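One line per chain: the protein sequences are R, F and G, in this order. Heads up, the first sequence is in our numbering, so the first residue is 1 and it goes up one at a time. Heads up, the second sequence is in our numbering, so the first residue is 1 and it goes up one at a time. Heads up, the third sequence is in our numbering, so the first residue is 1 and it goes up one at a time.
Don't read these hints as lab results, they were simulated from the structure. As the structure is a prediction and not an experimental result, all values here were calculated from the model. Don't be surprised by glycine CBs; every beta carbon is placed ideally from N, CA and C. Misleading hints may appear alongside valid ones.
What the hints assert, rightly or not - Which stretches of chain R does chain F cover? Using the computed rule of at least three CB atoms under 8 Å from a CB of chain F, they are:
1. 68 to 74
2. 113 to 119
3. 245 to 258
4. 274 to 281
5. 288 to 300
6. 305 to 314
Claimed, not checked - Below, computed lysine to aspartate or glutamate pairings styled on EDC-like, alpha-carbon distance capped at 16 Å:
7. R:Lys303 - R:Asp223
8. G:Lys118 - R:Glu34
9. F:Lys2 - R:Glu87
10. R:Lys41 - R:Glu68
As the list claims (entries may be wrong) - To give a feel for the contact side, a few chain F residues facing chain R, derived at Cβ under 8 Å:
11. Gly54
12. Cys245
13. Lys249
14. Tyr279
Below are the chains, spelled out letter by letter.
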Amino acid sequence: MSLNPATLDKKEFGSFLKQVMQTYDVIAPVELAEGVSAYRKIESPEEISLASHNTQKSAKEAFFPQSEVMFRYEKEGNRTQVTSTEEVNRPRLILASRPCDIQAFSLLDKVFSAKEYTDVYFLKKREKTTIVGFACNDPLSTCFCTSTGGGPFTREGSDIFLVDLGDAYLVEFLTEKGKALSQNEFLREASEGDVARAKKLEEEASKRMNVPVPLDGIETKLDQMLENPFWDRIHEKCLGCGACTFLCPTCHCFDISDEASQKGGQRVRNWDTCLFSLYSMETSGHNPRPSGRERTRQRLMHKFNYFPKNFQKIACVGCGRCILYCPVNFDIRQVISEINEK
Amino acid sequence: MKNPYLPIPMVVKRTQVETADRMLRTLELGFLKEEDEKAFRFVPGQFCELSLFGKGEAPFGIASSPTEKGSLKFTINKAGTVTTALHQITEGQEMGIRGPLGNSYPIELFQGKNVLVIGGGFAFTTLRSLIIYLLQPENRSKVKDITVIYGARNPGLLLYKEELADWQKRSDMKLVVTVDAGDKDWKGKVGLVPNVLEEVGPASENTYAVICGPPIMIKFTFPKLMTLKFPNERIYTSLEKRMKCGIGKCGRCNIGHLYVCKDGPVFSYEQLGKLPKDY
Amino acid sequence: MMASSQEMVQQKIREKAKELLANKEVDLVIGFGEGSLPLRATPLFVRTPEEADRLVWNSFCDNNLATYIHKLSRFKLGIVAKGCDVRSILALALEKRFQPDRIVLIGVPCQRMVDRRKVKKAVKGEILRAREEGDQLIVEGNDFSISLKKEDYLYASCKACTHRNPIKANAVVGDQVDETPLTDSYAEAKEFEKMSPEERWNTFERESSRCIRCYACREACPMCYCAECFVDSSGPKWLEKGLAPSDLEFYHIVRAYHQTGRCTGCGACERACPMNIRLTYMTQKLNQEVKELFNFEAGTDPETLPPMATYNVEDKQEFIK
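Okay, chain R solo, but in the shape it has when bound (with noise of 0.2 Å):
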């Protein structure tokens, strides 16, 4: 049974969120400094801010956040106590997250819900969370999102799909979760007209994609080029910070360490890159990846051929973030098409 998508109008949206505010946990985009936003819990739909851009962080950290406690333990004596932190307590909603985000939730599935061992912090999270995506009328030349499958209004993976026509929001409910939200008083049925604008501001945003990255069999290109004098090259301008890796919604490297106290402490996940110079180095002072060639090497080549081996897909959703941030502009749109020229 599939329902009709509904009207918001934006000055009934402070309302409509306070309502899902009363059952849900509500994670949005929130303006940290003057065109600085980042995923945050909101306490009160003021915090709001749907720019229209992207954030620099990505939504990954409402389900892998950046610092996560893992378990808290205290000591008595010999005995030790360990208490985990997997449970989440109230049910949780993203809201806004846009499709390559949400493109990216699904490759980190991949990764954290593997057969032999769940993650249960980043599982946990997923279960008991509703995505609410967000079409992007206004894509960025950086986005490629429809190189990487994905397509600025793609509804894949969200539970609700909001598109922004101007003065109102058109909402449609695509799973059961997303149902769950159709009964607040605050939506109306979405006119024939509403729907038609949709369409046509999908029509628009398509348009802009033109400009494709070409990835098609980068992988099955990869498989050669193991030694090739390219990544001698590619490297040099990078300066192995992690800026592209923690603003990118698919990477998932962490480091785990232990925060302790006298009596106690606690067990902590942080994220890592591999672009870090120390990231591989081992105790014995030997590091299997020296320089900036094997590390910029490891990066791409895990993005664009190893994950994809594990997982037949590209861990790359074409978001722009890496290309519009990088200190050093380094754009991985050159690197692909470079290549692809091999």
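Once you've looked at the hints, dock chains F and G against the given chain R.
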């Protein structure tokens, strides 16, 4: 959903210094909960993440064999923060382990074949597990000849001296222990492992080789295996790489598309030939 | 600086690079190439005279290329360096980070760099194209095209700069520029000083709270080159790796202090930060203190050793209470 990051509570039953330089110490750990002990099933080659709350975790090959019931043994090289703390831990103290993790030596493939084990230095830990397992009567009958070559820099650095003495006396295996340099009490062989291998000259036909040692030893021993005509698909090794989660999620220990913690640490050289030299 | 002379500088850079490479005086030249986004240039590593034709010079060449010296000191390098970058290189020379005869400085008197974040705020919508025309910046998007006065959109660190001309260089490509800064050379520090301690703390806390520990600031900085940065030390472990506010604040304060007497005010750190965190106000304040206490500015004199690395019996002590 089982949380794979929560350690199994263990108690330290015994700690023993293995080497003269005191850098290698074996911990014997017992399970605190009976149901954990019952559920813990492992095969030689697998490893555990040893967990010291407040210090962190580090991966160690299981040195005891699944046939040695009641406890697990790990041999720790003192090198950094966690290992130094593991050297200081005392009997009766509680700690944690996560495991068994990783894959194992391909025991099923050894059936009806000869097994050649080559170990160097303190890489011998999981080889101890393998040898004791194979020597168990019901397993010994399934394998043909067992040859073990084990070398260390000097006699004081040999691990598991008691086991080595026992194995020397056995007639169902051949053990050659060698050192790079002897001392005044050493009556055994003196010679580098690759040269001793050449001397022993085991037949490669129908034989599987398992080799674990420091990179320098592997570098010079591997060509000797080639000369003896061992094919890559019958040479296995256990790799080490910096690890964190141990379950293939944190991304750190990958070699190409494979993870040392999940698809390894045991790899054949045929597999390694297709992967980047990322180790 | 007129656009035509900017093209002349670009031409001279290319010629110099070609000359150095052809004569094998250097193994590679580090300069700037065309960026893939509007308002950007990108570091370019050139090894043959043919490749040298890809070198560019414009008001978007805002990276400090001196940071690449540490990874490449085994090569003979030619480096395109603005006034501030030259200062960094001189400071690094005093810290013995490279053999002096292994680096050829192609010094460029700097026209001041355009702050693309400021330009972005001046328009509505994505900037698709930008070009310089004399003292104007023409910026275009899907439904706008405006002309901005470049001088209104410069980096604060550039407006405060007092060493736009390379203090020392093997070759200077371009005419000397007027060293009068457009603002007080310690403008940000003075703004900060006007604040009460509580306001200062609030500023610092607010800015550092956005930090994502990516260390773009550290990697972009030519003076940060420790093989093991204090944040990565595990014995002793000075701070954790997460986002606890105290850890974020600790990182930023200590990194700023590690720059004392070494920072040349190039602004690379702030430009690199993906979260637009303000950073130069801290280092500028420290630079101001060093100037007042020791009459020293990093990288302005190839001979004088940095005060934090030297000891003299006559050193002032009245600030030690």
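The hints, checked one at a time:
Coverage of the stretch 68 to 74 of chain R by chain F holds. Counting CB-CB distances below 8 Å, 3 residues qualify, and the rule asks for three or more. Check on the stretch 113 to 119 of chain R: 5 of its residues sit with their Cβ under 8 Å from a Cβ of chain F, so the three-residue criterion for coverage holds. With 7 residues having a beta carbon nearer than 8 Å to a beta carbon of chain F, the stretch 245 to 258 of chain R meets the requirement of three or more and the stated coverage holds. Beta-carbon proximity to chain F at under 8 Å applies to 4 residues in the stretch 274 to 281 of chain R; the threshold of 3 is reached and the given coverage holds.
Closer than 8 Å: that is the beta-carbon criterion, and the stretch 288 to 300 of chain R has 5 residues meeting it against chain F, so the requirement of 3 holds. Proximity of the stretch 305 to 314 of chain R to chain F, defined as three or more residues with a beta carbon under 8 Å from a beta carbon of that chain, is established by the 5 residues found. Note on Lys303 (chain R) and Asp223 (chain R): the hinted pairing holds, with a Cα-Cα distance of about 13 Å set against a maximum of 16 Å. For a cut-off of 16 Å, the pair hint linking Lys118 (chain G) to Glu34 (chain R) stands: about 11 Å separates their Cα positions.
Between Lys2 (chain F) and Glu87 (chain R), the direct Cα distance comes to roughly 12 Å. Compliance with the 16 Å bound is thereby established for this hinted pair. A hinted pair counts as satisfied when its Cα atoms are at most 16 Å apart, and Lys41 (chain R) with Glu68 (chain R) qualifies at roughly 15 Å. The interface hint given for Gly54 (chain F) is met, as the beta carbon of that residue sits about 4 Å from the closest beta carbon of chain R, less than 8 Å. Taken as an interface hint, Cys245 (chain F) checks out: its beta carbon lies about 6 Å from the nearest beta carbon of chain R, inside 8 Å.
Hint status for Lys249 (chain F): holds, given a least beta-carbon distance of 6 Å to chain R, under 8 Å. Given hint, Tyr279 (chain F) at the interface with chain R, holds; its Cβ is 5 Å from that chain's nearest Cβ, closer than 8 Å.
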